[in-house]
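A.B. asks: The chain contents come next:
Number of protein chains: 4
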Amino acid sequence: MAISKLKVAVAGLGRMGKRHAVHLLARTPRAELVGAFTPDESELAWGRANLEPFGVKLFTDYDEMLKIEGLQAVCIATVTTVHAEEAIKAIEKDLHVLCEKPLSTSVEISRSVVEAARKRSHLKVMCGFSRRFDASYRDAREKADSGMIGRPSIIRSQTCDKHDPGGFFVEYAKFSGGCFVDMSVHDIDLALWFFGEDSIVKSVAASGIVAVAPGLKQHGDYDNAVGIVEFYGGKVAYFFCSRMMAHGQEDTTEIIGTEGKLAVNANPQANFVNTYTSTGINREVPPHYYGRFEHAFVQEANEWTTACLDGTKLPMKLSGALRAVEIGSYLQEALRTGRKLYFDETERRVEHASL
Amino acid sequence: MAISKLKVAVAGLGRMGKRHAVHLLARTPRAELVGAFTPDESELAWGRANLEPFGVKLFTDYDEMLKIEGLQAVCIATVTTVHAEEAIKAIEKDLHVLCEKPLSTSVEISRSVVEAARKRSHLKVMCGFSRRFDASYRDAREKADSGMIGRPSIIRSQTCDKHDPGGFFVEYAKFSGGCFVDMSVHDIDLALWFFGEDSIVKSVAASGIVAVAPGLKQHGDYDNAVGIVEFYGGKVAYFFCSRMMAHGQEDTTEIIGTEGKLAVNANPQANFVNTYTSTGINREVPPHYYGRFEHAFVQEANEWTTACLDGTKLPMKLSGALRAVEIGSYLQEALRTGRKLYFDETERRVEHASL
Amino acid sequence: MAISKLKVAVAGLGRMGKRHAVHLLARTPRAELVGAFTPDESELAWGRANLEPFGVKLFTDYDEMLKIEGLQAVCIATVTTVHAEEAIKAIEKDLHVLCEKPLSTSVEISRSVVEAARKRSHLKVMCGFSRRFDASYRDAREKADSGMIGRPSIIRSQTCDKHDPGGFFVEYAKFSGGCFVDMSVHDIDLALWFFGEDSIVKSVAASGIVAVAPGLKQHGDYDNAVGIVEFYGGKVAYFFCSRMMAHGQEDTTEIIGTEGKLAVNANPQANFVNTYTSTGINREVPPHYYGRFEHAFVQEANEWTTACLDGTKLPMKLSGALRAVEIGSYLQEALRTGRKLYFDETERRVEHASL
Amino acid sequence: MAISKLKVAVAGLGRMGKRHAVHLLARTPRAELVGAFTPDESELAWGRANLEPFGVKLFTDYDEMLKIEGLQAVCIATVTTVHAEEAIKAIEKDLHVLCEKPLSTSVEISRSVVEAARKRSHLKVMCGFSRRFDASYRDAREKADSGMIGRPSIIRSQTCDKHDPGGFFVEYAKFSGGCFVDMSVHDIDLALWFFGEDSIVKSVAASGIVAVAPGLKQHGDYDNAVGIVEFYGGKVAYFFCSRMMAHGQEDTTEIIGTEGKLAVNANPQANFVNTYTSTGINREVPPHYYGRFEHAFVQEANEWTTACLDGTKLPMKLSGALRAVEIGSYLQEALRTGRKLYFDETERRVEHASL
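Protein chains in written order, with numbering that gives the first Met the number 0: chain A, 0 to 354; chain B, 0 to 354; chain C, 0 to 354; chain D, 0 to 354.
One chain only, chain A, in its complex shape (with noise of 0.2 Å):
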């Protein structure tokens, strides 16, 4: 008996969705790439060199590729900005969806995907979280629940990009929502996945600088930011993201425990190699989020697959999604505010620190 393959589209052919649409064409044994959707007349050129010789049919409307016969799962990688819509599409069309993160940049749009797929709990509806599927991430989970640490107390998470001088992050911090919820809504879901998805929220204060990028200033975002996010019940983390790093990606996460510490990517390095010359000791860092997570999401990929065929359990919650942008919007405003906020225990706004 033939196993059946996940028939799949995906929406946008840009950086990621380029990505998405290779890893479901070619790694992803039980998933059929079907169709592709973009606008972008270069992302078609690509799509005809890349995908169609692989009997990928391509769309330049996306309500077109959703009719595509027996389409079970559509994988959203267009601009953030019409994620959540066309994830509402796809979910009414009975489809599944891995969307790319975020949902949305608002809490109340990113809300509304949520709310639309709890009306299909058939569905499998994933807002991808990448470090989510990591082994290394994994494995520290792992380590964790064993009690290796005792119970985890504070979380050190940062994400850092190399510096583009080309000035792409200043036209993408237009709709990015800002670097929290950019770039730190990963180090925020790890701190949740950690200290516990229902962790409360008591106080956030945050700093920010522009110190490469001055066109940031006109979006009003910032190069640099740290931040922290103290909940309830004697947890504190604390983020740092930053498009100013010259050596590559630096993604580095520590969960302290009463017991001991799990650092995840201490040590950033592109592959094995070191080279010893008169500078001394050197060894290359991954360039971008893809050279050091590209594992991760063709794992991403294969367990959404997976859980589409089989009804198995998604590894994450959507409403994670959700929760993640919400900490991060808090931030934002702590960021762009300059004042501390302070939460109550059900985390309703309150006007002072309550001690």
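Think of the hints as simulated: they come from the structure by calculation, not from any bench. Some hints could be false.
Which copy? The list can't say, so a pair holds if one copy fits it or any two copies do.
[What the hints assert, rightly or not] Below 25 Å or equal to it, Euclidean Cα-Cα: the simulated DMTMM-like pairs (lysine to aspartate or glutamate) are:
1. K92 with E68
2. K6 with E51
3. K6 with E31
4. K118 with E107
5. K56 with E91
6. K161 with D144
7. K142 with D163
8. K161 with E283
9. K56 with E253
10. K161 with E258
11. K17 with E293
12. K100 with E332
13. K17 with E31
14. K4 with D93
Since the structure of chain A is already known, use the hints to place chains B, C and D on it.
C.D. replies: The following block gives chains B, C and D in isolation, referenced to the frame of chain A:
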């Protein structure tokens, strides 16, 4: 126009055979796995569960498998003793061949495969040395080619396996050809890659011990051995192979040039996690070579497939596999007899050192 | 012509006092330790065994010790509460002073020492911040000065002590001034060193927890705390201090500039040994700050001695010690009250963030 | 009661002589440096500036120095060719001796010193092998002694110097005894320390090249050499020595046991600084052995002083220094002749391998 895929069959579904089958089935988009052969009942059972559902036909007779209509290529991963015979049969059927290393533990038999392939030069016949497909070794090679370390002059390379108290290696030693032929053949191949494939051996010396697996003695094998291979032209390679590592697999290579040094895997690690507890800071190590080289094996399957389909050049010559076994057999002789071997500038054996 | 040595006495023979005495006696060739004071009987016994045989006179009265004929300098390592009084007495006797940090946990009292010293500017009065004498921090500073990392913009620095289940820190918390004043004062000093001593604080926020030493609560202290200090001019420092490390002392500093980053002690290690066993690869970490900074303390004793004898410049100003305590006290207030503090461009307290 | 100090004089004020003089003067509290001898005018000038002001008397005649009233000990750091003669003279004057390695490059002459010392067993005569005093090697030894790695079976050890294009080593090669005697003697000593001082050599093989310093050929020396020393009882040591490192000094040792491995200095580093720039993450390496072993030399001076004064045991026997030179000379012969050397179980030379 749909792309054509390479119709390929796998011989052997043991430890590596299973992996090759999965790579060709699920991680090599331009390959189509159409058949698999194994005489072993438990391996067949695995094939029925994992390959048949994807349309792969199973065989208990190698010759029958070669008759699959439209078959273009065979991947051979049976026991070493039948590699050569199966490879030659496939070549004679005009099929491309990817053969697990070594072609044979016998230099003469290895040579017969090289000669069979030479007569059908349109075929892509490759004996896979996984490290040639590893991203780190390739990066090291590019850096060496760029002149970064001057002229490669000394190579230190080791293949060290985690100690297996279960006795697997003792059984295996009956047919393995000895530790240098079985393990160091990778390191020898690397030495040739960095020093030049045409390097001429000048002298060979070796010493070994049996420290943890006394059963090896009955097969004339060792669980730890060190060897020096001196080449004409001022180049020396030295090797260590061991089956005694407590911590896991540790394959390390240093290429030492007149102006710098490259080290590959000087700090083995299973992933990016460090654990900080009362004993200090700890990291884990891959337990076996597949943990270190998984992606290299997948890369190998893909590049071989591309070469078969498009006629492109393979990254290594079949004769290189013969050459590595040949030098491995010198080391075995030096180890077994305790004698140092000498060669003249045409690599003919001589009695005394040429100074 | 024989060289003249600096006649110096030590006040206090506790944990650090013993070390200072030994450094001045045996590892500072231009110093001559002539006296030591302690009111503590067990410390006196140690002095009789370890100092008297080398000709060092012991005192149970600090004032008596200051009357030693020809005395030129005093090293103060008594409990923090008497640092300032003893330092001022020595200054008034026209003696050079090396005082353990901090001058006082009170900004006002610290300032009184700075003022006493200012009146006798020929005296070398130093409050030792050991990291300023550490070879690695100095190398980092030289690299930063060379322009290698552009303009220092973000500093992350932590002082993390090995967890002492014996309760020492709980007792100590009565007088320590709180975790930021006691521990992070080093990190604050480093921030000022790299950002410029004249940097003006713009805002301060902090959060802390009591995770392993509940006794700290009665003293209003925390065993883990995180703080952000924002400076005018686009500079942010963030700090972590902890007394909960399972593995040992971990003091790490990152100086992140517009064109690169410097990390000091990103990979703590007790020595150059790695152990490879069935759990993986392990290295040990120094159990306390002296294990990390021993040589810095010796360097400090030597440089201070040279400055006293030759009138050369000290590597740090006394006012810097006051400044670090001042910023530490901001962090303590932010931590204790849960409030974020704001300052105008003259560092006067204001009610709201200046954006 | 004042302590008594060891009255000691230094012979030779060259590179190491200066260091020994400073260690004994300023970093060895129980030693009193009373004299220094050198026939060299520029060294004398250094002594006048750096030793005389501290009361050290200078001599241009070694014998005159030995007549210093009350002299108890001599530290010999002259050129290797006079070590033995000076040591014997001092022994005959009933003085303790700390002699720089080697006693002599000749086994016979080395033996004469050992014999002279044997006649006066109350004297502390030591030939310093600095690694025996290094905190990391001692930690490794303690861990090995604790049984952590089972039975030490394979040792890999290397002494690799930074390439000095100035030609110093070519001149030095006239008297150095060859690269194995000059450099690997440390590694040989370590092998004996971990395998047991009474280990019997079974066979020796070696290969070398001249890659960057062609002038070495006229002295029969090599700038890179690899050697294997097999001992009876299932123990193999292999060595690499090089004067070609671009990055700095790299002395690394692995002790591989039946149940684990210890590595010393697998990741050389000058200090705790890492630099992150566009080329990646870089750390510097000590440029020479003193950068790596400074504290070991100071430790050596202190322990020898203590042994002289208190009659305590030295951490290594004088005969060990002879033994290391002896095995070094086997390696030199194997290197020079290209032949493999064989020994019977009493370490007498035989013609053929004993299997």
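A.B. asks: None of the hints should be skipped; say for each whether it holds.
C.D. replies: For each hint, the structure was consulted:
1. K92 with E68: Within one copy only: 12 Å inside a chain, 42 Å across chains, cut-off 25 Å.
2. K6 with E51: Answer is both; intra-copy 15 Å and inter-copy 21 Å each pass.
3. K6 with E31: Close inside one copy (5 Å) and across copies (19 Å); limit 25 Å.
4. K118 with E107: Within. Shortest intra-copy distance 17 Å satisfies the 25 Å Cα cut-off; inter-copy 64 Å does not.
5. K56 with E91: within (22 Å within a copy, 40 Å between copies)
6. K161 with D144: Between. Shortest inter-copy distance 23 Å satisfies the 25 Å Cα cut-off; intra-copy 33 Å does not.
7. K142 with D163: Between copies only: 23 Å across, 36 Å inside.
8. K161 with E283: both (12 Å within a copy, 23 Å between copies)
9. K56 with E253: Neither way: K56 and E253 sit 44 Å apart in one copy and 49 Å across, limit 25 Å.
10. K161 with E258: between (34 Å within a copy, 10 Å between copies)
11. K17 with E293: both (13 Å within a copy, 24 Å between copies)
12. K100 with E332: Close inside one copy (20 Å), not across copies (38 Å); limit 25 Å.
13. K17 with E31: For K17 and E31, the Cα distance is within 25 Å both inside one copy (15 Å) and across copies (23 Å).
14. K4 with D93: Answer is within; shortest intra-copy Cα gap is 17 Å, inter-copy 33 Å.
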